[in-house]
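Generate the whole structure from the sequences, applying the supplied hints.
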Amino acid sequence: MAQTVVSESAFNDAMGAILTFTVLGVALGAGEFSVGDALIDLLKQSLLGIFIGGSLGYLAAFFIAHEKFNFLAEFAPVVALMAVIGAYMGADGMHASGFMAVFVFGIVLGNQESLGFKLTEREGDELEGFVLTTALIMRMFIFILLGTQVNFGLMSLYLFGGIAVVIVFMLVARPLTVFLCAMPDRRAKWSFKEMLFMCWTRETGVIPGALAGMLVGMKAPGAQIIASVTFIAILMTILIQATTTKWLAGKLGLLVKE
Numbered sequence: 298m299a300q301t302v303v304s305e306s307a308f309n310d311a312m313g314a315i316l317t318f319t320v321l322g323v324a325l326g327a328g329e330f331s332v333g334d335a336l337i338d339l340l341k342q343s344l345l346g347i348f349i350g351g352s353l354g355y356l357a358a359f360f361i362a363h364e365k366f367n368f369l370a371e372f373a374p375v376v377a378l379m380a381v382i383g384a385y386m387g388a389d390g391m392h393a394s395g396f397m398a399v400f401v402f403g404i405v406l407g408n409q410e411s412l413g414f415k416l417t418e419r420e421g422d423e424l425e426g427f428v429l430t431t432a433l434i435m436r437m438f439i440f441i442l443l444g445t446q447v448n449f450g451l452m453s454l455y456l457f458g459g460i461a462v463v464i465v466f467m468l469v470a471r472p473l474t475v476f477l478c479a480m481p482d483r484r485a486k487w488s489f490k491e492m493l494f495m496c497w498t499r500e501t502g503v504i505p506g507a508l509a510g511m512l513v514g515m516k517a518p519g520a521q522i523i524a525s526v527t528f529i530a531i532l533m534t535i536l537i538q539a540t541t542t543k544w545l546a547g548k549l550g551l552l553v554k555e
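The working numbering numbers the first residue of the sequence shown as 298 and each following residue consecutively.
For the record, the hints were derived by calculation from the structure and aren't laboratory data.
DSSO-like cross-link-like pairs, simulated, lysine-lysine; straight-line CA separation at most 30 Å:
#	residue 1	residue 2
1	K543	K486
2	K415	K365
3	K516	K341
4	K548	K486
5	K490	K543
6	K548	K490
What follows is a set of in silico ranges between Cβ atoms, one per label pair, in the way DEER data are often shown:
#	residue 1	residue 2	range
7	L477	E371	45 to 51 Å
8	L451	F366	53 to 59 Å
9	W544	G351	37 to 43 Å
10	L378	L451	35 to 41 Å
11	L378	G458	36 to 42 Å
12	P472	N448	28 to 34 Å
Glycine included, every Cβ here is placed at the ideal spot set by N, Cα and C.
Printed below as a string of C-alpha cells:
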C-alpha cells in the first residue's frame with residue numbers, strides 16, 4: 298500500500314511538472330495553444346525522459362552492482378548523485394522532462410535486483426542511507442525556499458478561496474480520481490477500505506512546492522498567487538491528512554503489525 302501511494306505520487310509529480318511548463322509556455326506567449334501539439338509534446342517529453350532516466354539507471358546499476366563489472370560499487374552514493382544530475386540536465390538539454398528522467402532513474406536503480414544486479418548488504422545500506430538523508434535535506438530546502446517566496450498579504454487575500462480549492466481537491470477530485478483508476482484494476486483487487494485510504498493519504502507535495510518556487514523565480518504571470526495557494530494546500534494536507542493517516546489506517550483495519 299505504501300509503495301502504491303509513493304509510486305502514484307511520483308508519477309503525478311513527473312506528469313504535473315511537464316503539464317506545468319507546457320501551460321507556462323502558452324501563458325508566456327511561446328505559441329498558440331493546440332490540444333494536438335500539447336499531447337505530442339507531452340508524449341515526447343515523457344518518453345524521452347523515460348528513456349534517458351532508464352538508460353542512466355541501468356548503467357549506474359551495472360557499474361555498481363554487476364557481478365564482474367561493479368568497480369564503482371564503493372562509490373555508489375557518488376554515482377547515484379552524479380547520475381541524477383546527469384539525468385535531469387541531459388533530459389532538460391534535450392527538451393524532455395528532467396523530472397520524469399530522474400524519477401525513472403530512481404525506479405531502475407531501486408529495482409536493480411530485478412535486472413539481475415545486487416549490491417552487498419553493506420553497500421546497499423550505505424546507498425539507501427545516502428538517498429534517504431539527501432532526500433530529507435532537499436525536501437527541507439524546497440519548503441524553506443517556498444516559504445521565503447510566500448507573500449502573506451496575498452495569502453490572506455486568497456485564504457478562503459485557496460481553502461475552498463484545496464477542500465475540493467481533497468474531498469472531490471482525489472477520491473473521484475482514485476475510484477475511477479482503482480476500481481477497473483481487477484488484478485490488484487483493491488478493497489473498498491484500501492481505496493478509501495488512498496483517497497485520504499498522500500505524499501508531502503514537495504514537487505508542487507518546487508514548481509511554485511520556480512514559477513516565482515521566473516516571474517511567471519500569477520506566480521505569487523500560485524505560490525500562496527500552493528502553500529495553503531501544503532499546510533492543509535500536512536496538518537489534516539498527514540496527521541490522521543495512521544489513525545485512519547487503524548480505523549479501516551489496514552495497519553500491519555510488525
